[in-house]
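Chains as they are written, first to last, in our numbering: chain B, 200 to 579; chain R, 69 to 357; chain P, 127 to 422.
It should be emphasised that the hints constitute simulated quantities derived from the structure, not laboratory data.
These numbers come from a predicted model, not from an experiment.
Here a beta-carbon is modelled for each residue, glycine too, at the ideal position from N, C-alpha and C.
Label-pair restraints from in silico Cβ distances:
(1) P/R289 - R/L144: 32 to 42 angstroms
(2) R/L144 - B/T384: 51 to 61 angstroms
(3) B/E359 - P/L200: 56 to 66 angstroms
(4) P/I271 - B/E257: 52 to 62 angstroms
(5) R/F255 - P/F301: 38 to 48 angstroms
(6) P/L379 - B/Q568: 36 to 46 angstroms
(7) B/S270 - P/F253: 33 to 43 angstroms
(8) B/R495 - P/E386: 22 to 32 angstroms
(9) P/I271 - B/R495: 57 to 67 angstroms
(10) P/F180 - B/V571: 45 to 55 angstroms
(11) R/F255 - P/E128: 56 to 66 angstroms
(12) B/R364 - P/D342: 36 to 46 angstroms
(13) R/F148 - B/R495: 38 to 48 angstroms
(14) P/R289 - R/N252: 35 to 45 angstroms
Computed cross-link-like contacts, BS3-like style, restricted to lysine-lysine with a CA-CA straight-line distance of at most 27 angstroms:
(15) B/K565 - B/K360
(16) B/K412 - P/K233
(17) B/K492 - B/K263
(18) B/K383 - B/K412
(19) B/K565 - B/K490
(20) B/K383 - P/K233
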Amino acid sequence: MQKMKNLFAAFSVLACLGLLVPGAASAKDHTIGALFPLSGPNATYGDVFMSGSDLAVEHINADKMLSGPMSIAYEDSQGLPQPAVVGMTKLVNVTNVPYVLSAFTGVSKAISTLGTRNEVVAVNGGGVGPDLAALGEYFWNVIPLVNLEVRAVMPYLVKEKDIKRVVLIYIDDPFGNSILDELKTTLNDAGGELAEAMSVPTTAQQFSGIAAKVRAANPDAVYIASYGAQQIQIVKQLRDNGVDQQLITYSGYLVPDALALPETEGIIATGQGVNYESEDPITKRFVTDYKAKYNRDPTAYNVNYYNATLLYAILAQALEAEGKEVTGANLLAKRQEMESFNLVGGTVSFQSNGTLLFPIQVKVVKNGQLEVLDTIDFGK
Amino acid sequence: MLALQLTITGLQTGALYALTAVGFSLIFGSTRIFHFAHGATFIIAAYLFYYMNVSGYGLIAGIAAATAGAIAFGLLLNRFVYVPIQRDEGSFFTVFVASFGIGIVVQNVVGMIFGRGYVTVSTPLSFSVEIMEGLYVAPIAWISMLCAAVFFGILWGFLKYSQMGKALRALADNPELVRVFGLNPRFIAASAFTIGSILVVPAAIISGATSGLNPAMGHHVMLISLAATIVGGIGSVPGTLLAGLALGLAESLALLYVDSQWTEAVTFAILFLFIIIRPSGLLGRSAAH
Amino acid sequence: MEAYLLNLFILISIYSILGVTLNFIMGYAGIYSLAHAVFFGVGAYAGSFMAMHFNASIFVTLPVAMVAGGLLSLILALPALRVRGEYFVAASLGLQVLAVTIFSEWKGVTGGIGGLIGIPPLDIAGFEIFKPSQFIFVTVVALVIILFIINRLVHSSFGRSLRAIRDSESAAAAFGKNVPLIKTISVVISSALTAVAGVLYASYLSFINVESFMLDTSVLIMAMVIIGGTGTQAGPIVGAALLLILPSLISYLDFLPQTEIGSIQQIIYGLGMALLMIYRPGGIVGRKKHSETGKE
Numbered sequence: 200m201q202k203m204k205n206l207f208a209a210f211s212v213l214a215c216l217g218l219l220v221p222g223a224a225s226a227k228d229h230t231i232g233a234l235f236p237l238s239g240p241n242a243t244y245g246d247v248f249m250s251g252s253d254l255a256v257e258h259i260n261a262d263k264m265l266s267g268p269m270s271i272a273y274e275d276s277q278g279l280p281q282p283a284v285v286g287m288t289k290l291v292n293v294t295n296v297p298y299v300l301s302a303f304t305g306v307s308k309a310i311s312t313l314g315t316r317n318e319v320v321a322v323n324g325g326g327v328g329p330d331l332a333a334l335g336e337y338f339w340n341v342i343p344l345v346n347l348e349v350r351a352v353m354p355y356l357v358k359e360k361d362i363k364r365v366v367l368i369y370i371d372d373p374f375g376n377s378i379l380d381e382l383k384t385t386l387n388d389a390g391g392e393l394a395e396a397m398s399v400p401t402t403a404q405q406f407s408g409i410a411a412k413v414r415a416a417n418p419d420a421v422y423i424a425s426y427g428a429q430q431i432q433i434v435k436q437l438r439d440n441g442v443d444q445q446l447i448t449y450s451g452y453l454v455p456d457a458l459a460l461p462e463t464e465g466i467i468a469t470g471q472g473v474n475y476e477s478e479d480p481i482t483k484r485f486v487t488d489y490k491a492k493y494n495r496d497p498t499a500y501n502v503n504y505y506n507a508t509l510l511y512a513i514l515a516q517a518l519e520a521e522g523k524e525v526t527g528a529n530l531l532a533k534r535q536e537m538e539s540f541n542l543v544g545g546t547v548s549f550q551s552n553g554t555l556l557f558p559i560q561v562k563v564v565k566n567g568q569l570e571v572l573d574t575i576d577f578g579k
Numbered sequence: 069m070l071a072l073q074l075t076i077t078g079l080q081t082g083a084l085y086a087l088t089a090v091g092f093s094l095i096f097g098s099t100r101i102f103h104f105a106h107g108a109t110f111i112i113a114a115y116l117f118y119y120m121n122v123s124g125y126g127l128i129a130g131i132a133a134a135t136a137g138a139i140a141f142g143l144l145l146n147r148f149v150y151v152p153i154q155r156d157e158g159s160f161f162t163v164f165v166a167s168f169g170i171g172i173v174v175q176n177v178v179g180m181i182f183g184r185g186y187v188t189v190s191t192p193l194s195f196s197v198e199i200m201e202g203l204y205v206a207p208i209a210w211i212s213m214l215c216a217a218v219f220f221g222i223l224w225g226f227l228k229y230s231q232m233g234k235a236l237r238a239l240a241d242n243p244e245l246v247r248v249f250g251l252n253p254r255f256i257a258a259s260a261f262t263i264g265s266i267l268v269v270p271a272a273i274i275s276g277a278t279s280g281l282n283p284a285m286g287h288h289v290m291l292i293s294l295a296a297t298i299v300g301g302i303g304s305v306p307g308t309l310l311a312g313l314a315l316g317l318a319e320s321l322a323l324l325y326v327d328s329q330w331t332e333a334v335t336f337a338i339l340f341l342f343i344i345i346r347p348s349g350l351l352g353r354s355a356a357h
Numbered sequence: 127m128e129a130y131l132l133n134l135f136i137l138i139s140i141y142s143i144l145g146v147t148l149n150f151i152m153g154y155a156g157i158y159s160l161a162h163a164v165f166f167g168v169g170a171y172a173g174s175f176m177a178m179h180f181n182a183s184i185f186v187t188l189p190v191a192m193v194a195g196g197l198l199s200l201i202l203a204l205p206a207l208r209v210r211g212e213y214f215v216a217a218s219l220g221l222q223v224l225a226v227t228i229f230s231e232w233k234g235v236t237g238g239i240g241g242l243i244g245i246p247p248l249d250i251a252g253f254e255i256f257k258p259s260q261f262i263f264v265t266v267v268a269l270v271i272i273l274f275i276i277n278r279l280v281h282s283s284f285g286r287s288l289r290a291i292r293d294s295e296s297a298a299a300a301f302g303k304n305v306p307l308i309k310t311i312s313v314v315i316s317s318a319l320t321a322v323a324g325v326l327y328a329s330y331l332s333f334i335n336v337e338s339f340m341l342d343t344s345v346l347i348m349a350m351v352i353i354g355g356t357g358t359q360a361g362p363i364v365g366a367a368l369l370l371i372l373p374s375l376i377s378y379l380d381f382l383p384q385t386e387i388g389s390i391q392q393i394i395y396g397l398g399m400a401l402l403m404i405y406r407p408g409g410i411v412g413r414k415k416h417s418e419t420g421k422e
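Here chain B stands alone, though its shape is the one from the complex (with noise of 0.2 angstroms):
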């Protein structure tokens, strides 16, 4: 018994350690949550985000957009969704956020259901599984998903490049397998063949016996769906170990990385159409600012989490403007009330499924640079 008082001494003097630590916030400020890979092998990527939603944040602040100053709560969710849903509880439990930045296809099914419950908002701008535009209200995306990736790119491949069999390498997760079941049928109907599937584990990098079997099957091309580390070390591999056929892959992999492998010479991948030349007040700044401030060109997910935050903004600030209370479902409430929104790449609606739609664009990497070889919009 007498362990059990030293126990509950100790869980209440760590009870108020964790109550006396955490500063708390003025009702005023605006502060949104963040789930971004930070650390483990995806962490290349949160870097990449976080360039977009903090010059989104300088730009709110600096135009007072808002009655108080924006911050965002960055949590690490590694890329995957146990350290997520951590850290999911904690953002809307503690830091008591009404809407949340979320990355990668896992990690934005697991948190879902939370935001749901809630009623906080996510909002993905990296993750493009098809399964991202089914879960549920308060879940929305920035980003056109990968199906559309895929459908533009394979019937592209098909009539102009005459590539007819292709051999897949596909992570085995709910994007990779989402892929998996969207280049079946596209292939199909573009009259090309799928001619044999190989899933890798997630922490696979020994990938010399799958490139024997890609010899094997010796196919006009091979698409590679994967992330980050994994997908680059698939990529060299594959070219080590001689195969030489034509490599296809998705808007994920052209990552600062990646462009700066020799091996990634002359892949063709897909992405979000983005006219970072447009004459309109927003894109201007987005590009020149950021450029300013990276010293490096924008991409896609930089566009995606600068808008997923501006969005935020817009938002919040018309319902502060009818003295509104700035909470999850309110801010739904708003946006499927305010019909269309001006963000980086011109004025865009939400589809029904809380998706935006984007053009997108089949391009070829040559000497470490993106080459536009066509544009493919599904009309809106």
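Given chain B, work out where chains R and P should sit, using these hints.
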């Protein structure tokens, strides 16, 4: 042709597995220390070589740094963690927990210094050559197998003919015997750590060029070493060597039949079956009880 | 804040159940399992499967999960009967890796890496329980019941037989104890109770995937038991509380860079494991010199 290709890939992987596994087996067999941080030794050696390589110090300096780092880590761990625990007659499990903890520390420190993503030692040696119709082998595959052969040759000679080698083998058989003959078990244990850590170095360096490195890979290296040690028979160096090669081959050839996410399961199904059916391992002598 | 603390205490109660059940076979039967997360997972998946497809009542989910956990634990009992010491640890490791592959691949039931989304809340006689302020009572009651069961078992003749086996298997056999049967029963009881923690965990988070049931979790549970004190009653609970509260406190230290917090938590966790084993191998609650708990 695919089978032949996968056999060669498997032999390359297996040679590297065998090297790390024999290192673990030697340490475990002679000292009974469940050196789970063996994977951490691998990480340290690999990243030191990578660092020297990208800093432009060249091959020899890189190998020297990796070897020195591996030996230093092994010896320090033995001196400051294992020896104090064993003095308190700690069970093998206490040692295991401490060792596992150190492995976590190394993984995260390396991650903070070098980043948590993959890094690769770039070399033209990893680029495959078509040696016959449809059969591609990179020069580094031959280097792996050659390395393994040379290191095992030296190790065999050492264990068989040198005084220390004999003592190591004796320690594996019967610790009391060693004490009776007036040898210092502490010194022998330190030697086991030195040799065991050196054996990791070639595998660490070659992996950096073939599959790339990340701080979390120590875990996998360790699990494979443990599986090979038990399948080969605890205390049996030739058994571990064979088991390491066999596990590499099994992992590669399994691709003929299953998707790659099952390959690790194949390895551990073999391990599990061995423990139930033949706990003494391929070439082991003593029973498990 | 209150909700956050509740969340933390719920997780502590759940992990305490895991610690207490592992301690039962580790501390009293000498079965050092590195596959405890497997049965945590089996319970979670079995319970979720029932709740999502048939009935979310705990009078359905708990029994099904416990039976599934208990039956599958026979696979772990198999090597426990044949080998001891490092061989058994290796066998349990093998089982753990195999189970992770099956959890990832049997997508129809487990959802693979993507996991199961929208697991229904606990249903106790028609009341849906998902608010942390209610859930905490369920987990604490479950923990108390399990502590009670294990306490009674340990102090019964069955518990004495277990300790006899742990200290010397051959001596126990010579005294006429049915060693294989006693070992098997203890593994089955431990795993069935572990499955309860799985059901609670799944319905509380409403999301589970394979990452919660990997080797790291098994090691974490083991570390909770050892750091708290193997073979003691309060040890696993102290260990669970410590290992869950420490990281949360670290994440509040504002001066640490966000991107490094995860690594720093892990480094402290690892160093703590190593230092405790050197200076206090019996654990926080345990005796300083462990005369019997650690011996094979």
